[in-house]
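> In case you want the letters, here they are:
Number of protein chains: 2
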Amino acid sequence: VAGMAWGANLRDEPIQPIAAAKVTNPAMVELGKKLFFDPRLSRSGFISCNSCHNLSMGGSDNLKTSVGDKWQQGPINSPTVLNSSLALAQFWDGRAADLREQAGGPIANPAEMAFTHDLAVGTLRTIPGYVAEFKSVFGSADISIEKVTQAIAAFEETLVTPNSPFDQWLKGDDKALTKQELAGYKLFRDSGCVACHNGPAAGGTSFQKMGLFEPYQTKNPAKGRAAVTGQDEDRMNFKVPTLRNVELTYPYFHDGEAATLEAAVDIMGRLQLGRKYSQAEIADIVAFLKTLTGDQPTFVMPLLPPSSSATPKPDPWAK
Amino acid sequence: VAGMAWGANLRDEPIQPIAAAKVTNPAMVELGKKLFFDPRLSRSGFISCNSCHNLSMGGSDNLKTSVGDKWQQGPINSPTVLNSSLALAQFWDGRAADLREQAGGPIANPAEMAFTHDLAVGTLRTIPGYVAEFKSVFGSADISIEKVTQAIAAFEETLVTPNSPFDQWLKGDDKALTKQELAGYKLFRDSGCVACHNGPAAGGTSFQKMGLFEPYQTKNPAKGRAAVTGQDEDRMNFKVPTLRNVELTYPYFHDGEAATLEAAVDIMGRLQLGRKYSQAEIADIVAFLKTLTGDQPTFVMPLLPPSSSATPKPDPWAK
Ligand code: HEC
Ligand code: HEC
Ligand code: HEC
Ligand code: HEC
Ligand SMILES: [Ca+2]
Ligand SMILES: [Ca+2]
Ligand SMILES: [Ca+2]
Ligand SMILES: [Mg+2]
Numbered sequence: 003v004a005g006m007a008w009g010a011n012l013r014d015e016p017i018q019p020i021a022a023a024k025v026t027n028p029a030m031v032e033l034g035k036k037l038f039f040d041p042r043l044s045r046s047g048f049i050s051c052n053s054c055h056n057l058s059m060g061g062s063d064n065l066k067t068s069v070g071d072k073w074q075q076g077p078i079n080s081p082t083v084l085n086s087s088l089a090l091a092q093f094w095d096g097r098a099a100d101l102r103e104q105a106g107g108p109i110a111n112p113a114e115m116a117f118t119h120d121l122a123v124g125t126l127r128t129i130p131g132y133v134a135e136f137k138s139v140f141g142s143a144d145i146s147i148e149k150v151t152q153a154i155a156a157f158e159e160t161l162v163t164p165n166s167p168f169d170q171w172l173k174g175d176d177k178a179l180t181k182q183e184l185a186g187y188k189l190f191r192d193s194g195c196v197a198c199h200n201g202p203a204a205g206g207t208s209f210q211k212m213g214l215f216e217p218y219q220t221k222n223p224a225k226g227r228a229a230v231t232g233q234d235e236d237r238m239n240f241k242v243p244t245l246r247n248v249e250l251t252y253p254y255f256h257d258g259e260a261a262t263l264e265a266a267v268d269i270m271g272r273l274q275l276g277r278k279y280s281q282a283e284i285a286d287i288v289a290f291l292k293t294l295t296g297d298q299p300t301f302v303m304p305l306l307p308p309s310s311s312a313t314p315k316p317d318p319w320a321k
Numbered sequence: 003v004a005g006m007a008w009g010a011n012l013r014d015e016p017i018q019p020i021a022a023a024k025v026t027n028p029a030m031v032e033l034g035k036k037l038f039f040d041p042r043l044s045r046s047g048f049i050s051c052n053s054c055h056n057l058s059m060g061g062s063d064n065l066k067t068s069v070g071d072k073w074q075q076g077p078i079n080s081p082t083v084l085n086s087s088l089a090l091a092q093f094w095d096g097r098a099a100d101l102r103e104q105a106g107g108p109i110a111n112p113a114e115m116a117f118t119h120d121l122a123v124g125t126l127r128t129i130p131g132y133v134a135e136f137k138s139v140f141g142s143a144d145i146s147i148e149k150v151t152q153a154i155a156a157f158e159e160t161l162v163t164p165n166s167p168f169d170q171w172l173k174g175d176d177k178a179l180t181k182q183e184l185a186g187y188k189l190f191r192d193s194g195c196v197a198c199h200n201g202p203a204a205g206g207t208s209f210q211k212m213g214l215f216e217p218y219q220t221k222n223p224a225k226g227r228a229a230v231t232g233q234d235e236d237r238m239n240f241k242v243p244t245l246r247n248v249e250l251t252y253p254y255f256h257d258g259e260a261a262t263l264e265a266a267v268d269i270m271g272r273l274q275l276g277r278k279y280s281q282a283e284i285a286d287i288v289a290f291l292k293t294l295t296g297d298q299p300t301f302v303m304p305l306l307p308p309s310s311s312a313t314p315k316p317d318p319w320a321k
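Heads up: the protein sequence lines correspond to chains A and B, in order.
For the first sequence, the working numbering assigns the number 3 to the initial residue and increments by one for each residue that follows.
For the second sequence, the working numbering assigns the number 3 to the initial residue and increments by one for each residue that follows.
Hint data in this document are derived by calculation from the structure and do not stem from the laboratory.
Be careful, since some hints might not be right.
Unchecked claim - A short, non-exhaustive set of chain A residues, derived as facing chain B with CB atoms under 7 Å: (1) Phe48; (2) Lys72; (3) Trp73; (4) Pro304; (5) Leu305; (6) Lys315.
As the list claims (entries may be wrong) - Computed list of lysine to aspartate or glutamate pairs in EDC-like fashion (alpha-carbon distance at most 20 Å, straight line): (7) Lys72/A - Asp317/B; (8) Lys72/B - Asp317/A; (9) Lys36/A - Asp120/A; (10) Lys292/A - Glu15/A; (11) Lys315/A - Asp120/A; (12) Lys36/B - Asp120/B; (13) Lys292/B - Glu264/B; (14) Lys72/B - Asp317/B; (15) Lys292/A - Glu264/A; (16) Lys292/B - Glu249/B; (17) Lys177/B - Asp297/B; (18) Lys321/B - Glu259/A; (19) Lys321/B - Asp71/A; (20) Lys36/A - Glu249/B; (21) Lys72/B - Asp71/A; (22) Lys315/A - Glu259/B; (23) Lys188/B - Glu264/B; (24) Lys315/B - Glu264/A; (25) Lys177/B - Asp14/B; (26) Lys321/A - Glu259/B; (27) Lys221/A - Asp317/B; (28) Lys315/A - Glu264/B; (29) Lys315/A - Glu249/B; (30) Lys315/B - Glu249/A; (31) Lys24/A - Asp297/A; (32) Lys188/B - Glu15/B; (33) Lys221/B - Asp317/A; (34) Lys149/B - Glu103/B; (35) Lys36/B - Asp297/A; (36) Lys24/B - Glu159/B; (37) Lys36/B - Glu249/A; (38) Lys321/A - Asp71/B; (39) Lys278/B - Glu216/B; (40) Lys36/A - Asp297/B.
In this text, a Cβ means the ideal position worked out from N, Cα and C, and glycines have one as well.
Make a model of the complete structure from these sequences and hints.
Listed below in structure tokens is the structure:
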């Protein structure tokens with residue numbers, strides 16, 4: 003996303019506009035959309051990717067932690083899938099390199115969809131509509147977990163949110179932001195939030211310690227990046243979340259404990275910058291953050307191909 | 003849905019074509035669609051109408067009985083919401099007169115959405131986008147459960163599925179059905195299935211005893227119509243379900259115990275008509291039943307207005 007691609011009017015700022023999705027393989031995207039919405043990828047037949055990354059609600063579930071298989075309480079806040087393709091890695095601790103690697107995770111996670119890759123793929127193979135669609139997309143009717151995750155990732159890559167008021171301003175439209183929003187952005191930028199929240203996603207470019215000036219108090223046992231590196235100094239290092247559409251992705255932080263943007267900004271100021279903002283300053287920054295809400299993906303609800311008599315019958319209450 | 007409305011070519015059969023939805027108030031339908039998809043109408047913030055009446059899957063959940071609040075096991079199979087506006091009453095036992103009366107039920111049902119009408123309405127009142135939308139749809143910003151159910155019902159009225167192959171045949175297109183499909187229809191009609199499965203929905207026009215020639219064996223304790231009338235002779239009387247889109251609404255019967263259409267047809271023949279069909283006859287009838295799959299509602303996924311800081315924070319695990 004080089005500056006020049008946007009033309010000469012692009013302002014030189016640490017956050018860049020989001021580019022609209024370039025769909026090179028619409029048939030694969032369509033297949034991935036179906037899979038994203040299909041609860042048959044879960045043990046229960048009840049939970050789909052969209053259950054926890056609800057695209058009607060900014061790509062997350064607006065719960066502190068997610069409801070998983072058997073109503074299990076999830077360990078960590080569900081991040082939005084919007085613009086997740088822009089991040090340097092996936093998950094709060096970055097343990098998946100990219101969306102393809104990521105998408106296999108929840109299907110087999112006992113606390114999420116609680117299935118196995120073999121059972122999920124075996125289920126899809128009994129659904130004639132999927133067999134035909136995999137064949138037409140991949141040139142072969144054989145369904146594998148690699149193809150499943152590739153298609154889901156292709157769909158997720160379309161889930162970008164261009165054209166926010168802030169992007170319009172970045173591209174030179176002085177009227178796109180109100181005075182308060184602009185003041186909020188300048189405060190955000192000049193007080194140093196952009197050290198971490200930068201790039202087109204206003205985040206997702208690095209792992210950073212949560213709690214630099216003061217430790218972050220939480221009962222959530224997540225170790226952050228240390229779980230991946232095994233290094234104790236990486237404890238409480240998390241992928242800096244995107245601030246795109248942050249108005250929609252409440253509650254905030256990996257533990258979901260900040261209910262409002264006001265609370266999140268206050269904590270960020272104190273813990274990450276050692277700075278206590280006034281109520282008026284917080285209001286300005288929040289006004290700016292809301293200008294990061296872009297065009298949400300709008301698409302027709304997918305119609306899922308029906309099961310056949312060979313399809314295993316899901317039982318949500320099976321022991 | 004009078005015959006003449008379809009023109010002179012309409013065949014005179016006990017099942018009539020489905021008419022496309024006439025949308026008189028698109029803004030109300032749009033609001034109802036949002037509410038149908040909004041998990042904030044549930045105690046947990048996780049379950050929406052679409053969880054159990056998934057419009058990607060024929061308007062039902064394809065489970066024997068539904069997963070409700072706290073992963074509770076539902077008492078009865080979730081019927082499709084597709085074409086439900088055509089039925090004489092709502093629910094398997096007909097205890098709601100119409101869609102408006104019905105829509106209040108699940109919100110407050112402890113085994114489904116487990117909320118109260120007051121809490122649901124109170125939640126909506128804190129969401130500025132809803133306040134504005136109720137105001138523009140109803141002329142007043144005050145949100146009430148009556149307006150909520152009216153909007154949901156208006157959306158549900160659009161969920162009709164016209165233009166199935168069988169409807170094309172009814173309207174005079176001889177090529178719309180294969181020989182087997184037509185043979186299946188004639189067997190269905192002439193052996194008496196249409197005594198109960200008739201009208202545009204191929205069902206939904208009466209309550210009938212399940213198990214006329216032989217009792218229906220089930221562990222499901224549902225009393226059927228007797229729960230409404232208090233009359234013992236109404237035990238095991240259920241609203242005849244629509245056969246529209248029955249290909250998509252597996253598993254079958256009020257207890258969800260028939261996994262396939264073949265099984266359901268075999269049971270119907272024996273229990274309702276005292277007739278044992280051959281495998282070939284069953285295959286013909288099933289081929290016909292699949293011609294009842296019409297155009298599914300296709301619409302853009304709704305975008306839900308975000309909560310405000312005044313919105314109560316849902317806790318799926320609250321005691
Ligand atoms: C039961 C809830 C649940 C389900 C179902 C679920 N997810 Fe997630 N998802 C989460 C949570 C929680 C995380 C964060 C986990 C972590 O970081 O350790 C996450 C992380 C992600 C991420 C990484 C985003 C980021 O910014 O790091 C992506 C992408 C994602 N999920 C996509 C999917 C896909 C695709 C599916 C379906 C195949 C899916 N999810 C199913 C809850 C869920
Ligand atoms: C030193 C790095 C760093 C700085 C500086 C920083 N942040 Fe953050 N920000 C993070 C990290 C890491 C997280 C995730 C923390 C967690 O979830 O535990 C985060 C999370 C957030 C969130 C919550 C996002 C979500 O979806 O949960 C908001 C809002 C936010 N930051 C705003 C700001 C603002 C405003 C500033 C300036 C006052 C700021 N940040 C400064 C690293 C930083
Ligand atoms: C937890 C699962 C669940 C949820 C959530 C749910 N329903 Fe239902 N719905 C059912 C079940 C089960 C029945 C059948 C109940 C009965 O007949 O006793 C039903 C029946 C219906 C019917 C009657 C259909 C017919 O043919 O008789 C309609 C219409 C309907 N629901 C609409 C809705 C709406 C609107 C919402 C949201 C406000 C909703 N449902 C939420 C499971 C659910
Ligand atoms: C005397 C009335 C009656 C007759 C005759 C009848 N049905 Fe039914 N049908 C019902 C009732 C009532 C139900 C619901 C039973 C239940 O769920 O327990 C039903 C359910 C069904 C279902 C399952 C629908 C669903 O969504 O669960 C199918 C399929 C079906 N009938 C097909 C047929 C066929 C084929 C015939 C002829 C062989 C037939 N029916 C004859 C009354 C009848
Ligand atoms: Ca620059
Ligand atoms: Ca969040
Ligand atoms: Ca069913
Ligand atoms: Mg045909």
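> All hints are to be evaluated individually against the structure, with a verdict given for each.
Hints, verified against the model:
no. : hint                : verdict
1   : Phe48               : 5 Å, holds
2   : Lys72               : 5 Å, holds
3   : Trp73               : 4 Å, holds
4   : Pro304              : 5 Å, holds
5   : Leu305              : 5 Å, holds
6   : Lys315              : 6 Å, holds
7   : Lys72/A - Asp317/B  : 16 Å, holds
8   : Lys72/B - Asp317/A  : 16 Å, holds
9   : Lys36/A - Asp120/A  : 19 Å, holds
10  : Lys292/A - Glu15/A  : 18 Å, holds
11  : Lys315/A - Asp120/A : 15 Å, holds
12  : Lys36/B - Asp120/B  : 19 Å, holds
13  : Lys292/B - Glu264/B : 11 Å, holds
14  : Lys72/B - Asp317/B  : 11 Å, holds
15  : Lys292/A - Glu264/A : 11 Å, holds
16  : Lys292/B - Glu249/B : 6 Å, holds
17  : Lys177/B - Asp297/B : 18 Å, holds
18  : Lys321/B - Glu259/A : 19 Å, holds
19  : Lys321/B - Asp71/A  : 19 Å, holds
20  : Lys36/A - Glu249/B  : 18 Å, holds
21  : Lys72/B - Asp71/A   : 11 Å, holds
22  : Lys315/A - Glu259/B : 11 Å, holds
23  : Lys188/B - Glu264/B : 17 Å, holds
24  : Lys315/B - Glu264/A : 15 Å, holds
25  : Lys177/B - Asp14/B  : 17 Å, holds
26  : Lys321/A - Glu259/B : 19 Å, holds
27  : Lys221/A - Asp317/B : 17 Å, holds
28  : Lys315/A - Glu264/B : 15 Å, holds
29  : Lys315/A - Glu249/B : 15 Å, holds
30  : Lys315/B - Glu249/A : 15 Å, holds
31  : Lys24/A - Asp297/A  : 15 Å, holds
32  : Lys188/B - Glu15/B  : 10 Å, holds
33  : Lys221/B - Asp317/A : 17 Å, holds
34  : Lys149/B - Glu103/B : 12 Å, holds
35  : Lys36/B - Asp297/A  : 18 Å, holds
36  : Lys24/B - Glu159/B  : 9 Å, holds
37  : Lys36/B - Glu249/A  : 18 Å, holds
38  : Lys321/A - Asp71/B  : 19 Å, holds
39  : Lys278/B - Glu216/B : 12 Å, holds
40  : Lys36/A - Asp297/B  : 18 Å, holds
Consistency note: the structure conflicts with none of the earlier hints.
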